[in-house]
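Produce the complete structure using the sequences and hints provided.
Chains as they are written, first to last, in my numbering: chain A, 1 to 373; chain B, 1 to 366; chain C, 1 to 483.
The reader is advised that the hints may include incorrect statements.
If you want the footprint, here are the derived chain B segments under chain A, 3+ residues with CB under 8 Å [to be verified]:
| hint | segment |
| --- | --- |
| 1 | 105-119 |
| 2 | 231-243 |
The list that follows gives simulated cross-link-like pairs (lysine-lysine, DSSO-like), each with its CA atoms no further than 27 Å apart [claimed, not checked]:
| hint | chain 1 | residue 1 | chain 2 | residue 2 |
| --- | --- | --- | --- | --- |
| 3 | A | 185 | B | 36 |
| 4 | A | 184 | A | 2 |
| 5 | A | 70 | A | 214 |
| 6 | B | 300 | A | 184 |
| 7 | B | 36 | B | 356 |
| 8 | B | 300 | A | 2 |
| 9 | C | 121 | C | 97 |
| 10 | C | 12 | C | 97 |
| 11 | B | 79 | B | 300 |
These are computed hints drawn from the structure, not numbers from a lab. Note that CB positions come from ideal geometry on N, CA and C, so glycine has one too.
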Amino acid sequence: MKIIGILICLLLCSGCWDMKEINQLAIVNLGAADKDPETGRITAYYQVINPSALTNKQSGAAKAAVYTFKFEDFSLGRFTRQTTTIMPRSLFMPHMQALILSERYAKQGITDMINFVELSPDRRTNVIFLIAGSPIETIINSFSPLERMPGRYIRSLINLSGQGFETGYEPIRIKDLAKGMYRKKPMVIPIVSYTSSEPAKDTNRLEDIDIRKKTFLFVGGAVFRHGRMVGRLNFDEKQRYFLLNKNLTNYIETLTVNGDYVDVEASHIRVRRKFNASGLTYRIRATLRIVNNQQTTPVTRGNIRDIEDKFNRQFEAESQAFVRMAANKDWDLLGIQDRGIRDWKHVKVTFKVESDMSAIGNTTGPHTFERGN
Amino acid sequence: MEQARISGWQMFTVTFYFTAGTTWIVLTSQMIGDAKQYAWLVCIGAFVYGLALALLWLYLSHHFPGKSLVEIAVEALGKWAGGVIALFYILFFIQIASWVTRNLGDFLHASMMPQTPLAFFNIMVLFTCAYAVVKGAAAIAMVTELLTPYLTLAYWVPVLVTLRQWDWQNFHESHIASVWTTVVHTRYAFAFPFMETVSLMMLFPYVRNRLKTSYLLGILASGVILSLSLLCNIGILGVNRSSHLIYPVFVLFREMQFTSFLEHLETILAINVLFIVCLKLSILFYCAVLAICQLFKIEKRHFVAYPLIWVISAYSLLFRNIVENVEWVRDYLFSYYTLYAIFFPLLLLIGAWVKKTRLHGLPQAD
Amino acid sequence: MGIGERTVGEIKQQLGKSPDFVCQSAPLRDDDRVHCIYLASIVICEQIDELILKPILEAYAAGRNEGFSKPAAPEALSSLVPIANKTIAAGTAAAVKKLLDGQCVLVAEHAPGFLSCDVAKGDYRSITEPKTESSIRGPREGFVEDIEVNMALIRKRLKSPNLIFESFVIGSETATNVCMAYMGNIANEGIVNEFRKRLDAIQTDSVLESAYIEEWIQDKTLSPFPQLISTERPDGIVAKLLEGHVAVLIDGTPMALAGPITFFQLFSSPEDYYQRADIATLLRWLRMFAFVLSIFVPSLYIAIVSYHQELLPTPLLISIAAQREEVPFPAVVEALIMFITFEILREAGLRMPRIAGQAISVVGALVVGQAAVEAGFVSASMVIVVSLTAISNYISPTYSFGIAQRIVQFVFMLMAGVMGLFGLMCGVFMLFIHLVSIRSFGAHYMAPLAPLMLSDLKDTLVRVPRKLMTRLPQETKAKKNAR
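Structure (structure tokens):
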């Protein structure tokens, strides 16, 4: 009995090596990194949350929800020690929502960052990965309205834009990058930039009603081959990339039918591809839904068939343009090489598109007036 | 020896968790690294081999019904030779127990609590298992039975949900040199864990009915589940990542995402692993303690169990880090286990046969 | 001096000094007297006057006593006294025992032996609703302190010739009547013998409550979990008897014991059978969920907030961090302070005289509630955790189980505070091993989950309608199979 008592006391006094007080943690919400191409020095930014500013009880002027720390060193592992020189709390990375890398870092190759993130037990490979289109200083040093933490702001944007995707989110996490590094098909990472050249350094920014003056903005995507950035795609091309690679299952297309605009939402897009002797054939099926109809004629079966035809042809034309663009820039965006075919540029790609209109909205046709009255 | 009774279903669950035990956290990445996308086939081959060996052990135990391994050794080969073999087996059990403790400590240290020293994990978990050992085999078997539904659900439900991320492309990426060299390189997969199940021979006398069915089914089930796990690993994570991550299953769980707030599910896996390792360690510990008690005719288990905590804990710190552990296992494990899993049982069988013929008397002409 | 006189003298020596000791002598014949001894506080004096003294005196006056043998023996007295319950015995010690039992002892002056008549005054509390187990639907009768009334309450409900009572007298100073009840055609022989053996083996000076007996007869495990159910409701005891359990009634306390039991029976109350099956099933799940909640919520909270902050979703983490800004203690210490304070409040509430009870509720609300948060001693989330667990502690129908729950809760909190989730899970494993190895009179404590008995699952995790309950539970190894 005495022995058990001693053991229990020893156990309780042994000290809790891993116990961390919540208030001693600097919860990092957004991280950014930049690497100078000449010197190889890495600049790391950590945006840390200030919890007491975010609780419901606060009244009065809005306080700073986040604070940014900037560090510079030549190797990634040294930051954990460097942070103790300025940060009053210990670095806590598991809640980081997004990691932003500068464009020049991306062009040098991000394999070192991916290795580092996979190795550390407290960094998560679930983190979203973004490339910065504007200078990193601007992006990381800005307060954001509506969502008090910029990390959540960016994360919410990604979640919303990911709604059309099959898996529910865009495949842009570090783990997707780690997997994609070995493939010949390039990965496309979104580019985030800032609408103004001046960062919103003050909480006064939060009092301004016009959001677009100073906020984050997503512009297109960056193309990564084997962990190195090789170019950019604009928004439409990025969408086409995800469509043809079976990731995106719905999007909105604008057609011109009989001289007027018709906007349709294509959903449940199913893409099947087959390799045969003549080349690569894509069979695509989509379900359409009219979002905006500015035609002057009412909607009839013939009209619907026109719309579907127009959609099919437009899809095909744009896809062919995409394939040509990819071949010109030497990016195997369709992943043909991953199927074992070496001479991918000369593979003939054909598209067969079929679509069905399922819903036309609340009206059977537009208002018509007597013309020329 | 206590008068415990283990039912057939309990033996099945005990065998299953004993065999599948630490395999989830050890050697998965090594196997995928060596056999690439065919690692799951290697696993299937391994459990077929394990089943064959199990039949050998069942045959041995059939000759000595109601006796545990140590008692068989003493009976078949006499007090001194049998005692030496029994001692070897005791060392074997202690060795496996210390490896299991070390694996668990490494896993928790690397994934959940990096600052805590390894010795502390060892002592805590060994103390828990020593308590289980003192309570007896029936208690351990019943806890295994109790935990089985939870452990199965907690592992498979998240994995099934993650199947959305399956990528068939992962199976086309890598190439292996040739079948035979792969098999030779992965021979540790044949050794661990299927050759360790000889330890369960200590529990055979307690099983009331359906010993053969439950034992063989247990090995079969664990082999199938392990192959499926490997398959899921390759399909979801891919060969390259699985082979360079030390704990691919852990990372698999970590990257799961259901809704925006249910994100960090790797703790469920860590808890699962902890329970399974506690079960396996309790069984091993019990076998070791029982062997010592039977060999040296000690009545009460707790005199042996509590001191053994320190022995196992110290021994588990033998390797300095996980790389040494993995490399030793890769190179020498198969040969080491062959001694205990094949050589000694055959020796005992020969001893039994010799004894039987001498007993039935080849008529001595004189 | 006659033999009888000597006996009376010895009795007077032992009990004579009490103020309620009465020794009257009445003439039997001209040369023979009979001494009537009793303790006035525990007998019905009118019965003595009417049924004992009056016939003797009348017979004397009518001269009928001359026909008795000389010297008059107790048997002769027996024919005079029209009381049904009387015995003839001998010896001073036996006489003293009978006197203390509330009997009237008649000693003839010249004859050995005595006649004792039962005139005991059975004063007992009236039958009311049991205070510790109230019910919404179902009988509201509870046991009282008198064992005969309790036996009557059971007999009223179980009018079967198979109901067997066996009585014991336990306690060298208190001489308490203890009674064991079982159904002869259902209960297992081995279990009944075991009960009998253990009750016989008790050597103690006093038995004041059923807990004394429980401590003596439970299996020798150092465990906070109860291995016998104690209940005040006769309908509960009768239900248990019909399932093959054995009940023990003790004089002087309304709590009766029943056993053997399993862990899952601690979650069922007799009311489960008075409600519809589906409602009863949901209520049972609620109780089990409350049990799990009460042992895990505080320890998980401590483990996650101190060790594994990455498990919290970010908004929750931020709000907890903001609340804990000013709190000076680490989470373990805070939790322990709150829980110990709550336990003090609870104990004080039990002992406080009812009139002063209002003050306690006000002070309690202040201490545990908002003021503590605003003073910066504890954080608001801790108050929520404490309140939730405190309420869940009372949901078990068995009071002693609530105490066991609290002990387990504290131990888990300590382990979580020391080693985070790892320590907590080691604790859970040890708890499982502990529960599984408890045997209550030979039945496995965690049956029917371990060892798995599929047919018993009908009444543990769910409560199926009575039509489907065709077999008696296996863990009592009852003699007959069908209800």
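Now for the hints, and whether the structure bears them out:
no.	hint	verdict
1	105-119	holds (count 7)
2	231-243	holds (count 4)
3	185(A) x 36(B)	holds (21 Å)
4	184(A) x 2(A)	violated (67 Å)
5	70(A) x 214(A)	holds (21 Å)
6	300(B) x 184(A)	violated (65 Å)
7	36(B) x 356(B)	violated (49 Å)
8	300(B) x 2(A)	holds (19 Å)
9	121(C) x 97(C)	holds (16 Å)
10	12(C) x 97(C)	holds (13 Å)
11	79(B) x 300(B)	holds (22 Å)
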